[in-house]
Amino acid sequence: MASRLRKKQKDDFGTAYRGHEGQWSWMFHRITGVAVILFLFAHVVDTAVIGWGPEAYDRVTEAYKNPAVHVLELGLVLAVLYHSINGMKVTLIDFFPSLAGHIKVVGRTSAIVFVVSAAIVTGIMTKQIIDLL
Amino acid sequence: MATPADVLQDSDARRAGGAAGAVTLTLRIRRFNPEISQDSWWDEFTVEADPLDRLVEVLHQVKWYHDGTLSFRRSCAHGICGSDAMLINGRNALACKVLVDDVGPRVTIEPIRGLAVLKDLIVDMDPFLEGYRTVLPFLINDSGEPDKERLQSAEERARFDDTTKCILCAACTTSCPIFWGDEGYIGPAAIVNAHRFIFDSRDEGSRERLKILSEKTGVFRCRTTFNCTDACPRGIQVTKAIQEVKRSILFDRF
Amino acid sequence: MATTHTYDALVIGAGGAGMRAAIELSDQVRTAVISKLYPTRSHTGAAQGGVCAALGNTEEDHAEWHAFDTVKGGDYLTDQPAAQLMAEEAIDAIYQLERWGLPFNRTPDGRIDQRRFGGHTAEHGERPVRRACYAADRTGHMILQTLYQQCVKRDVRFFNEFYCLDLLRDAHGAATGVVAYELATGELHIFRAKSIVFATGGYGRMFSVTSNAHALTGDGPAVAWRRGVPLEDMEMFQFHPTGLAKLGVLLSEAARGEGGIVRNKDGERFMERYAPTIKDLAPRDMVSRAIYQEIKEGRGGGPNGDWAYLDITHLDPKVIEEKLPDITEFARVYLKVEPTNELVPIQPTAHYAMGGIPTDVDGRVVEGAAETPIPGLYAAGECACVSVHGANRLGTNSLLDLVVFGRRAGVDAARHVKEAPLGDVPERPTERTLSMLNAVLERAEGENAADIRKELQANMFDLAFVVRSEESLSKMETIIGELQERFGRVAISDKGALYNTDLMETVELGFLLDCAQALVVSARARTESRGGHYRDDHPLRDDANWLKHTLASRNDDGSISLDFKPVKMGPYVPMERKY
Amino acid sequence: MATTIERSTTSGDGAPRPPRDYTRGSERPVGGFELWMWLFMRISGIVLLVLALGHTLIMHLPSGGVDRVDFGFVATRWASPFWRSWDWMLLTLALIHGINGLRNITLDYVRKPGTRFAANMVFYVLGFTLFVLGTIIVVTFDPSNWPPVA
Ligand SMILES: Cc1cc2nc3c(=O)[nH]c(=O)nc-3n(C[C@H](O)[C@H](O)[C@H](O)COP(=O)(O)OP(=O)(O)OC[C@H]3O[C@@H](n4cnc5c(N)ncnc54)[C@H](O)[C@@H]3O)c2cc1C
Ligand code: HEM
Ligand code: SF4
Ligand code: F3S
Ligand code: FES
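For the protein sequence lines, the chains are A, B, C and D, in the order given. Going by the working numbering, 14 is the number at position 14 of the first sequence; the sequence numbering is gapless. Going by the working numbering, 240 is the number at position 107 of the second sequence; the sequence numbering is gapless. Going by the working numbering, 731 is the number at position 344 of the third sequence; the sequence numbering is gapless. Going by the working numbering, 992 is the number at position 26 of the fourth sequence; the sequence numbering is gapless.
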């Protein structure tokens, strides 16, 4: 009987929870974190190829010289940027609990810092991509 | 300066404006009844309501005049007992603290998340209260009792005032993305109640509590998403309290 | 097919009174607490203003003054020895709560702070005194939480969301157990015990405008009454002057304690006319009646001219934020009124039941004028009538009642456990409950309980509220008769076993009807005005004939007979109640 | 019916129990693995702010971006012990930081303890292997093993 009662709803998450901005910033933080660590796994391997000599390594880096990779590269930089800025925000709130009382200001500030720096980075890198084409 | 009579006219005028006529409200309610089906379904009800009606009374209208099987918990009807936390238009709130006016003509109501649904809007509160119990939510002071009161300055008292307001409604814990993923996480409500004692100058059990809270299910699972603070119907600065607890574990100071 | 549980002691209800008794009991004997709500959902948590004791922390005060105020506040229907005992034990009871961790507000020197409250005076009515200990305006919340915390500490056994539906008595009349309905499964349980403490709270839900929770339906008194226990002073119901208009949500008297003023639609501070000495701090019944009078004379505001106003705009915003945060929020949330610069529309609201299950000062339920205790049966809190509140309870005296008499009931119930054997329960203990539930469940079509409830509440509000008369009460009696009869044909749509709140709401309505009937019959008999009971056909107090308690009991044929018992007097001689 | 479930928040039998001394162990310090990992995440985060963000910006922003990167580029860069240490620290901290992040995620979403353990082991082994691999390369890389092709 007990187990029948305790059945969890299958479609528990049918609708989105309209949470605090912090819910979304955390989600992005998590997603960018995972993206970056997955990239890192790959990056260690590709860099390690250098141990097999210039031919091997340059073959790898050659593969990177195409626009699609550059778009991914832009994504990576933005991810690191976002994760870092949001990570700093989290760390600040962790070490100064009183900031939690001003989360609006803190959250907005970090968002602005990200948007501005992301815009600059995107600008520069897009230009590079365009130049390359 | 305005005389009382002036102030009065103002407020009466405002109220008269606010209470203008009934509105039609469509409720979309997520239903579940294991006696009927193992799956949940949606029901829609249309009711007339005053803009200043509480949503819990609208639910009563449905239960009393449309479908008696609709089940939900409620008691005080003014936000003090913590019975009726539910997911209203995608946000946790007490149905008795949301007015028709606040939610517009269409309202979606679901049970709070992360706790097993037992019937309609009723969820199993036991895991939630179990979390509460693990943080030793009672004053611990074994160094003798005075004849009268223990002294405490107004500042010391103010230190934990915010977290004494908790009514254990679970709105915070069931809004926490971490709790949705893992109900082993002790959850913001338990931490709020731990905070209430950790920062009480009369308490001597804080070390014990902090040890419990620094375990894998404890306070370090919090990712500062602030959903809890947003959801708390008592306006408790939940995340701030959690951060203070983290800090006091870090520095072993309280 | 019901599960039987055996304990030494049972507590029915997990509000302030129930948990206070449970703490006392569970330290000594095997105890279970049965509650239809999770403990912290109990309505004790709604109490705002404070809990009083003559601690003398902020100014001179004495238990004896407190006892006097209680007796006078109760319009001399108070049993004076009980009031004296309560005022004396108050002091330790409060210190005990503090030592259990209750976060009272503090004085500058770190002691429990105290505030003024209606009817509490120094030197026998000379001037208001600071006697109410408080924790902002959530004193009841803190008491409830603190007591629950102590229960958690003691690992008290709770049966949550179990509805007590029947009392079991043995052949000699002793209480030997209860029948409870488990909401989660729809199962019946039999609980046997040597001592049973009823602490089920009030029954304000019989009125349409009330500060009481939906759950306050008089279950305890009704269950006892159906098993032959008389109900005392049921006509004595308190109507609190400052309920939020239409909703009844309470704005604590603390608002007036901190300097709030009641005004009519012209902005006049009319209490100056009714109680020149203490004005807005007059006891609740007087302020409620004054509001009624103002409304009757055309000075009420609002769309129907039946509102008065609470004015706290002149208070320091800091005081409002620090000492009245919750009630400020109520006004903002529910009426969208900003109390710091607007007047809050108010209406008297059904608030507190002075009457209930008759007990002595040890919480033992007593029968008849001779006060013979029913072995094993106890009651405490709002469902009980000790009677310390007489005809009108003073603000802050109820929370005190819970802890003082909750404790005393627990102590005596534990003593009884140690002395008495486990009594027998009847052969088929669940018979009556089953037939009651099945009758409703099996009926395919019939009356809608909600209609009956609504009519009961609306009529009680019109006919048995602040002002009553022979005419209104006899009319109400007839209406209740009709409603009872219709209730016999009630049908519900939820026939399921799990969380059948439809069924339980219906059962609760039955309890309410019984309590309302007892109230109206008693009120009709009392041909005088005293405290909360005001008859405009008998506007004066009549000590010669009515210095006595009413005891209503139900006969087998459903009719009600009234009995009386004298008020226990003491040092205070009844005099006119002027403030 | 014996199968009744008792829904309540205690399982006790209602019997009185002796008071427990909660303050006894109060001299032991608080904290533990979760605290240190939590702290590590923040501190490594701050260091990574310089190392990782610096690394990405330096590598990807100046004109040419990753297109400049080839054997020669790395050889020149790693001629300086400063950049070698930089990259090694970045490697180490980012791996620990990232893998602990993944551990946190499994705590949140992987309910079965066995599966969770397995997932974490995969991450640890992978992380350790990459750490060893990376370290060997950073420490032992010597461009003179491959004389310039041109
Ligand atoms: C809004 C408000 C403000 C107040 N402010 C003050 C104040 O400032 N000072 C003051 O002194 N007093 C105040 N009072 C009065 C005081 O709070 C109550 O009288 C008191 O709390 C009643 O406590 P109780 O323990 O008797 O009942 P409650 O706290 O109401 O508890 C009743 C318990 O009984 C249980 N129960 C009921 N029926 C059943 C059943 N059939 N089976 C099982 N369990 C059942 C319920 O689950 C609940 O746990 C206030 C009251 C209200 C409504
Ligand atoms: C190569 C670089 C990095 C990688 C691979 C990485 C990866 C991760 C991952 C996977 C998480 C777990 C996310 C979660 O639990 O929700 C995480 C958390 C975190 N990261 Fe990073 N990160 C990197 C750089 C940084 C930087 C530069 C900072 C900036 C200060 C930072 C700060 C944090 C913080 C504070 C957390 C904890 C947040 C939380 O627990 O919710 N990280 N990181
Ligand atoms: S902290 Fe707030 S939201 Fe959480 S349980 Fe307490 S009152 Fe409810
Ligand atoms: S929602 Fe959860 S993640 Fe932390 S800030 Fe609140 S507990
Ligand atoms: S009914 Fe009590 S909090 Fe809503």
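Read the hints as simulated data drawn from the structure, not as lab findings. Because the structure is a prediction, the values reported are computed rather than measured. No residue lacks a Cβ here, since even glycine has one placed at the ideal position from N, Cα and C. Be a bit skeptical, because a hint or two may be false.
Which chain B residues face chain D? A few, computed with CB under 8 Å, are given here [stated by the list, open to error]: (1) Asp275; (2) Gly314; (3) Arg340; (4) Lys344; (5) Gly351; (6) Arg380.
In silico lysine-lysine, BS3-like type, Cα no more than 27 Å apart, as pairs [said to hold, decoys possible]: (7) A:Lys104 x B:Lys344; (8) C:Lys952 x A:Lys104; (9) C:Lys935 x C:Lys952; (10) C:Lys666 x C:Lys965; (11) C:Lys882 x C:Lys841; (12) C:Lys935 x A:Lys104; (13) B:Lys281 x D:Lys1078; (14) C:Lys862 x C:Lys841; (15) B:Lys298 x D:Lys1078.
Hints and how they fare:
1. Asp275: holds (5 Å)
2. Gly314: holds (4 Å)
3. Arg340: It holds, given that the least Cβ distance between Arg340 of chain B and chain D is near 4 Å, below 8 Å.
4. Lys344: Since the shortest Cβ distance to chain D is 5 Å, the answer is holds.
5. Gly351: Hint on Gly351 of chain B: holds, closest Cβ of chain D at ~7 Å, below 8 Å.
6. Arg380: violated (11 Å)
7. A:Lys104 x B:Lys344: violated (31 Å)
8. C:Lys952 x A:Lys104: Roughly 65 Å between the alpha carbons, so the hint for Lys952 of chain C and Lys104 of chain A is violated.
9. C:Lys935 x C:Lys952: holds (6 Å)
10. C:Lys666 x C:Lys965: Distance of about 11 Å is within 27 Å: holds.
11. C:Lys882 x C:Lys841: holds (22 Å)
12. C:Lys935 x A:Lys104: violated (63 Å)
13. B:Lys281 x D:Lys1078: violated (52 Å)
14. C:Lys862 x C:Lys841: holds (17 Å)
15. B:Lys298 x D:Lys1078: With Cα atoms ~36 Å apart, Lys298 of chain B and Lys1078 of chain D exceed 27 Å; violated.
Figure legend: structure checked against the earlier numbered hints; hints not met, in rising order: 6, 7, 8, 12, 13, 15.
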